[in-house]
Structures are given as C-alpha cells and as structure tokens.
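Enquirer: Required output: the full structure, derived from the provided sequences and hints.
Residues per chain are reported as follows:
2 protein chains.
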Amino acid sequence: MVFQDELKARTQHVEAVLRDYLPKGGGFQKTLVSAMRYSIEAGGKRIRPILLECAYQMYGGMGQMAGPFMAAIEMIHTSSLVHDDLPALDNDSMRRGKKTTHKVYGEAMGILAGDAMMNYAYETAVRAFSLAKDDQRERVAEAFRILSEKSGVYGMLGGQSCDVEFEGRPLTEGQVEFINQHKTAALIEASLMIGAVLAGAPKDDIAILEAVGRKTGLAFQIRDDILDLTGSETELGKPIGSDVRNRKTTFVSLFGIPAGRSRVEMLSAQALDSFDSLSAEHGFLRQFLEELAVRRR
Amino acid sequence: MVFQDELKARTQHVEAVLRDYLPKGGGFQKTLVSAMRYSIEAGGKRIRPILLECAYQMYGGMGQMAGPFMAAIEMIHTSSLVHDDLPALDNDSMRRGKKTTHKVYGEAMGILAGDAMMNYAYETAVRAFSLAKDDQRERVAEAFRILSEKSGVYGMLGGQSCDVEFEGRPLTEGQVEFINQHKTAALIEASLMIGAVLAGAPKDDIAILEAVGRKTGLAFQIRDDILDLTGSETELGKPIGSDVRNRKTTFVSLFGIPAGRSRVEMLSAQALDSFDSLSAEHGFLRQFLEELAVRRR
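Protein chains in written order, with this note's numbering: chain A, 1 to 297; chain B, 1 to 297.
Bear in mind the hints are in silico, worked out from the structure with no lab data behind them. Hints should not be assumed to be uniformly reliable.
What the hints assert, rightly or not - Heads up, simulated SDA-like pairs for lysine to any residue below, C-alpha to C-alpha not over 25 angstroms straight-line: (1) Lys30(A) with Gly44(A); (2) Lys133(A) with Lys24(B); (3) Lys133(B) with Asp135(A); (4) Lys24(B) with Gln181(A); (5) Lys133(B) with Ser130(A).
Expert: Laid out in structure tokens, this is it:
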C-alpha cells in the first residue's frame, strides 16, 4: 500500500477504536458527555494512537489489548488541548476548524470536560487488564506507569505549566527545549513506548523508542512553530501567529526560520538513525516518523 | 483508645503517607509542584484515606499496599476542590481557612495544578503494583477500576457537572440526590470499596460497602448543606451561605433544616445497619461513619 493510503486506513481504524471507547449516553450528566465527545470528535491527526499501534505491531502485538491505550492517549492529548484553549490559558476560539469546547459549552463545562476526559483516559486504559492474558498483566501495569508519568507534572503537564508561566519572558534555549520536550515530546515518547511494552518488546528497545519519540517530538514542535508563522489558516484549521500574540518564546523566535528548518532536519535524521538500530522494523512507522517532521498541517 | 485519640492518630498517619507520596522538587516546573503541594497541604479532614485504610484493615490488609491508593483518593478529591473554587465555577477565595490555590498561583496555574493533581493520583496509585505480591495484582487492577470509575463522568465529575449546569434552576429531589450521590458519595463509596478490594474482601461485602458509602455520603452532603446555613465560619474555615449565593438547590433548600436533620439521621442509621451486616467488623470505622453524619465542621 502506498504511504498515504495506509495512513488513511490507519486513521480510520483509530477513529473506529475511539468511537468504541468514547463515553456514551449519560443521564443527568449528558451535557458533560456531549462536551467530552465534542472535543474528541472535532478531529485531529490521531498521531499518538497511530504511533502506539504501529509500535505494538512492530513487536508482534496481536488482538485488542492496545485499543484501550490508543483511546486513552488520544483522550489525554485532547484533555490538554481543551484546557490549553481556555481563556485563562491561550484563550483560543478555534481549533481544527471548529469552535473550541469552552466556546460551545461555556467555560465551566470546558474545565470539567477536560477533567473528565483525562479521568476517562485512565478509566479506559484500565480495561486493557481484562483483555490481557495472565502473563501480560505486568505489561499493562507498566504501560499504565508510562502513560501516567509522561502525562503528568514530570511530563506533559510540567511542560505546559512552564509554557504558561514563562509567557512573555525571554527564555533560554534550554528552557524552550524543556517545554517542547515535556509539553509535546512526552506523549509521543509514551505512544511508542506503550505500544512496544504491551507487545513485550525488549527493554533496550523501549529506551531507544523513548529517544526516537523525544527527537521526533522536538522536531514536530519546531515544525509547529514554523507553521504558526508560515502556514495557511485553512490548512491548519486554526489562526496562525498565536505564538507572537501570546508572546511565546520558541526555538524559531530565538534562532529564526532557517535555523528552525535545519534543526528539524537534524532531529528527524537522529530519530531515524536510532529507529534503524532497533531489533524490529516497521516500514510504515519509519515513514510516518519522517512525515511528522516535514508535515504541512 | 478513645475515638478522638484514634482519629487524631489515624489523621497524622494519613498526613505522613501523603507527605511520602506528594510530588517533590521539580526543575523548571517547580511552580506547578508548589501549587500541587499547596492544595494538599492546606489541610482537610482526610476522610477518604482514613476510610480506605480502615476498610483495608477490617479485612486483614497488611503492609504498604493501601498507601498509594490512600494518597491517590485524597489527590483526586483535592483536584476537584481546586477546580470547584475557580472563578468559572464556584469562584471561592477561601477554603480551610486559607486562600484557594488559584488565588495564590493565578487562574492558569490553578487549572493546571488541578489537572496535574488528578493525573498524579493515577501516577501514585500505579505504584501499588510494585508493592503487591503476584496474586494480589488483580486486586490492584480492580481498585484502579473502581477509583477511575467513581471519579469520572459516571461518578464525581458527572455530579459536579450537574451541580454547575443546574445552578440557579429549580431542581427536583431526584436531581439533587443524583448530584449528591455522584459529586459527594462516589468517592466515599470508592474509599471503602478500594480498601476492602485490596485486602481481598468477599464480593458480597464490596457491594454492601458501596451501599454504606452511598448512604454515608448522602448524609454527609445534607449535613454539609445544613452547616452552610448554620455553621460557624471560623470552625468551617470558609464563608457560609455559599449555596444561597451560588443559587444552588439543595435537599435543605427544598425541604428545610428539620427535614434535612431527619434525613441525615435516617441515612446514617441505614448505613450503620448495612455496615453491621458485613462479614467483618471494625469498631473505629463504625464510629467514624456515625461521626461523619453528625459532624459540626
């Protein structure tokens, strides 16, 4: 299959998995359920669940055990976007070409929908225990450990807090890299690691995948910074120039677009080098990692 | 030991467990760590971890395995308070006699501290896997399932969303009970159930403990509504009259204080009746459940 067709098929598969695991119905709390579903159904590239499933398959993972984690990591990512968009944070009205959750449901419900989505990620991931065979339970526990650590104060949310706190201040390259590594790369790392852990990959490979995820995530974020300056609002589905508006120091604001482009290339090459040193291979995943750095939306 | 002395000793023990499991240090994200610690260290009655540990001991639970869940359930409770207090929700400046988290750290950091605290609850609970023996891992997975379900859209957060959404509207008794059962009772139920599950209690007892938690939680909330009208601000550590200010329908606003008092007595008696039908006993826990309904602060 050519790359774009496989990407499309894999994205559709992720959409189906997400639909299976999204909260349903709801009695008195149906507005909350609706806000949660809205934030997920608004779309997105579904990068993290695709990475997770590829890594799972790369090590021979079979069956449904990865499904709850694929849904969970997209839910955690989505919960962070819902809260990022709030008035007290980035105050964004549009995302993926649609109104942001708090613009549709109000600020209080936006806060609670983000909370409930993050919680539901764990509620969903726990379902992997009942899909695992006895000797796979330990893998599920380890996947849980990675998911929670990479999402939290020492992972994504730690980076997010610095992004918010340091807004409007001049930052060092080290601070910008800390933010990118935590806010953006941590969940990319987690996706690759969790897929591999669930499939029983060797420990050495998990460490390499963490490095691959980090480099890819850093490249992805710098690419994002470049697109925020040069991209098309129609293609991106959100207003450009938000970093300037929010007075955010980025790699690109520090060193300029050409330096940003070379850094993306370097990081991407490093990620692929490490990827090629793994004990297993996955042609599509390799291409996908490459694609993430050069994407145009 | 007399009841008050044992309560004091148990509370101090919970404080020590919490200290062990709180996030430490922090590099660039030290403000987030500080905000998380502030919200927990501001105090509280530590009801949920005490209940959890009592239920654990009631079924012969030994060792450290309950510790991560004791910390986790208090973290989830705290995260919900931090977000409840935000301007878009109840807009409260004081809690437990201290400034609320967003009043000290700003609104954006208040949102992120609540998020990070909820995530850290799961990050902490997962540590129970490494404290469990091989044949106890399944109990940890089940405790995880209960914790996440009772905290989420079909538990605490579902109730919280209705509490917010229905503000200012006349509610039926059924709607008020739904809110109380989810927003307040769900975590009381979870505390008792998780402690018992971790200790390997019989399934029948888990179902009874869920009912005990529900009745106790409902009584606790009506008692809270009464205290919000009749309590002392000094004893409560927060302004009274907030339900009236926030135009919240409560059991007491529907039926008055005397009816509230009788309902508390009835629910508490039902809870204790069920408690006495369990296959194990725990004198302190029985007294503590009784105390929760008649508390003055």
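Enquirer: Need the status of pair Lys133(A), Lys24(B): alpha-carbon distance at most 25 angstroms?
Expert: 36 angstroms, violated
Enquirer: With the threshold set at 25 angstroms, check whether the alpha-carbon distance from Lys30(A) to Gly44(A) stays at or below it.
Expert: With Cα atoms ~23 angstroms apart, Lys30(A) and Gly44(A) stay inside 25 angstroms; holds.
Enquirer: Below or equal to 25 angstroms on CA atoms is what counts here, so check Lys133(B) against Asp135(A).
Expert: 14 angstroms, holds
Enquirer: For the pair supplied as a hint, Lys24(B) and Gln181(A), confirm whether the alpha-carbon distance does not exceed 25 angstroms.
Expert: Judged against 25 angstroms, a Cα distance of about 20 angstroms means the pair holds.
Enquirer: With the threshold set at 25 angstroms, check whether the alpha-carbon distance from Lys133(B) to Ser130(A) stays at or below it.
Expert: Holds - the C-alpha atoms of Ser130(A) and Lys133(B) are around 19 angstroms apart, at most 25 angstroms.
Against the hints set out earlier in the document, a violation occurs for number 2 only.
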